[in-house]
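S.K.: Its first residue numbered 1, the sequence shown is counted upward by one per residue in my numbering.
Hints were generated in silico from the structure; no laboratory data involved.
Check before you lean on any hint, since a few could be wrong.
[Unchecked claim] Ranges of calculated distance between the beta carbons of each label pair, as one might list FRET restraints:
hint, residue 1, residue 2, range
1, Thr-51, Met-12, 14 to 22 Å
2, Asp-17, Ser-49, 15 to 23 Å
3, Cys-14, Asp-58, 24 to 32 Å
4, Ser-8, Glu-31, 28 to 36 Å
Positions of the beta carbon are idealized from the N, C-alpha and C atoms, including for glycine.
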Amino acid sequence: MEFAPTLSLTCMACLHDWPLDAEQVLFTGSETTMLYTVCPSCHIHIPLSTTEVISLVDERS
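With the hints as extra help, turn the sequences into a complete structure.
M.R.: As structure tokens, then:
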């Protein structure tokens with residue numbers, strides 16, 4: 001079984017906890033690129049820091 005690195009997140013809107021996988025990281029693609037994910041419970045956009053995303057990617061390599 002392959003190890004899938006995750007980051008544990010808590011939505012500040014609905015307090016839902018879930019493990020974030022690297023495939024769930026999205027970006028705006030605009031001039032002010034922002035990394036974010038979407039809460040699986042209430043579907044709001046949650047900003048992610050570059051440090052959080054780098055830690056997920058580093059664990060995968």
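S.K.: Run every hint past the structure and note whether it holds.
M.R.: To see whether the hints hold, each was checked on the structure:
no.	hint	verdict
1	Thr-51 <-> Met-12: 14 to 22 Å	holds (18 Å)
2	Asp-17 <-> Ser-49: 15 to 23 Å	holds (18 Å)
3	Cys-14 <-> Asp-58: 24 to 32 Å	holds (29 Å)
4	Ser-8 <-> Glu-31: 28 to 36 Å	holds (31 Å)
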